[in-house]
Amino acid sequence: MAYRVLIADDSPAMRSFVRRVIELSGFELSACFEAGDGAEALAVLNKEWVDAILTDINMPGVDGEELLRRLAADESLRGIPAIVISTDATENRIARLLALGAKGYITKPFRPETLRAEPERTLGVPCD
Amino acid sequence: MSAVAEVLDCMFFREVQGEAAEPPPEAETVAVQLSFDGDAPGHFQMRIVRPAANAIAADFLGEDPESLSARQSTEVTLELANMICGAVLSRIESRAAFRLGSPQIVADDAGKRGSAEETRCTVETGEGALTVAIQMEKRTCQPNEKSAS
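Same order as they appear, the protein sequences are chains A and B.
Heads up: the first sequence at position 96 corresponds to 174 in this note's numbering, and the numbers run straight through without jumps.
Heads up: the second sequence at position 70 corresponds to 100 in this note's numbering, and the numbers run straight through without jumps.
Only chain B is shown next, with the shape it has when bound in the complex (with noise of 0.2 angstroms):
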């Protein structure tokens, strides 16, 4: 949770506010996929309710909310799963060599699956709940911290 803190605080401006349950099935989100290879190849997910995502666009571009493209929030949502993604990374594996793949947006049932090897876990963003989930296909070493905490 503390990548997910750290993103969220410095480069959008706002406070986690402390885990969450996922999100019900039914509620609208936007899930993120995206690979990495190197020393600890993996995959990496985030699932965020729809109406966090649009505030967190807004924010980021420094845009009225009401005025925002659905594809400047579909932007800012990748690129807010790319830096949770090197942000979790760079704390597991500080020496490792890794390269992160373009995020893509994908169904959203994707970002439901889970594995026994996936580590996974939903902060309140304000505006509703954002899940990460890595699964690495290598580990080099154990993990300081819960991966995605």
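Isolated chain A, as found in the complex (with noise of 0.2 angstroms):
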């Protein structure tokens, strides 16, 4: 089964190379939309349907916790996986994180192995 996934990340580098890891990982994609921020993200998803959400949680605007929040509160939305990507590996934000409905959490720096295991455990992908 090929999944849609949309990252959402301030920095398109980061973007890029989430993105780049996820394809050569071999988790199979048949859709990447790609978001600036949280505002960014919700528009996607206000057209697109995805299975995934990859998202950063220091971005601008409607920054990672916000956009948990309104996915939360989206009946339409709440039952998208979300898992953040981020630089803060404290206990305290891993946890408020996952009590906004985070279903998994990449702490970067991450191997790759990282990104691709984390969204097959959180969809459920039987592995390889």
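Among the clues, some could well be false.
[As the list claims (entries may be wrong)] Pair ranges (Cβ atoms, derived): (1) E126/A <-> T104/B: 27 to 33 angstroms; (2) L102/A <-> E36/B: 20 to 26 angstroms; (3) P55/B <-> R174/A: 39 to 45 angstroms; (4) L102/A <-> E45/B: 17 to 23 angstroms; (5) S154/A <-> E147/B: 35 to 41 angstroms; (6) G104/A <-> R101/B: 29 to 35 angstroms; (7) G104/A <-> E58/B: 17 to 23 angstroms; (8) G104/A <-> P55/B: 46 to 52 angstroms; (9) G157/A <-> P55/B: 42 to 48 angstroms.
Quick caveat, the hints were computed from the structure, so don't treat them as lab data.
Please read all numbers here as calculations on a predicted model, not as lab measurements.
The beta-carbon is built from N, C-alpha and C at its ideal position, and this holds for glycine as well.
Dock the two chains into a complex; use the hints.
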């Protein structure tokens, strides 16, 4: 099965990196959307269905935390699993984001295999 | 240094080749600064020689270094600083709450200033030196290791 993924990060370089690593890891993508912040992510979600969201936290405007809140508040979006990718590895932050509805958390720096494993775990993809 | 080494190894696929001397003032370098606030506010600076910045950016983006644009190199350098700062802070204050500001390219001499409260180290990336420095306005606990090491 091929998946549709949305990557939200204010760094074009990081969006490119995440996309490339996911594609090279063999995780099957049928579509990969990008957004520079939470507002752009919500605009994409208003038009496109995705199977998973990979989101940074520190973004200008609507940041990752606010994006998680808005996803949880929207009946049509709250079922989409969101995985946070962030430099913040503090216990408090991770706990707060999971409480806001994040289904997974990847701390930067991460190994490429982590970037595949976490979405697979979240989506319930069988291991190879 | 372990934070720097981990970031470069995991995300940029290169091994730090030990500590190094800071590049001379005349070296062409890129300097990045970002501030962080929260339980332990402060400032972080990174200074990297331009050949190393370009090589690291090329590796990160999977691009030929010759075809890399200045914008691409800058974007990756900013992200590198962001990740190293986050890795350092997570090691120092694993229970503290902090929020990173946006990294900014700054005048090269800004990356050279030091202070009595600053922790600094320089590593060899393989294509040149990378220096990181961190100043924290208030420490909630003693670091377990040299802060930027």
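Hints versus structure:
no., hint, verdict
1, E126/A <-> T104/B: 27 to 33 angstroms, "holds, 30 angstroms"
2, L102/A <-> E36/B: 20 to 26 angstroms, "holds, 21 angstroms"
3, P55/B <-> R174/A: 39 to 45 angstroms, "holds, 44 angstroms"
4, L102/A <-> E45/B: 17 to 23 angstroms, "holds, 20 angstroms"
5, S154/A <-> E147/B: 35 to 41 angstroms, "violated, 50 angstroms"
6, G104/A <-> R101/B: 29 to 35 angstroms, "holds, 30 angstroms"
7, G104/A <-> E58/B: 17 to 23 angstroms, "violated, 40 angstroms"
8, G104/A <-> P55/B: 46 to 52 angstroms, "holds, 47 angstroms"
9, G157/A <-> P55/B: 42 to 48 angstroms, "violated, 57 angstroms"
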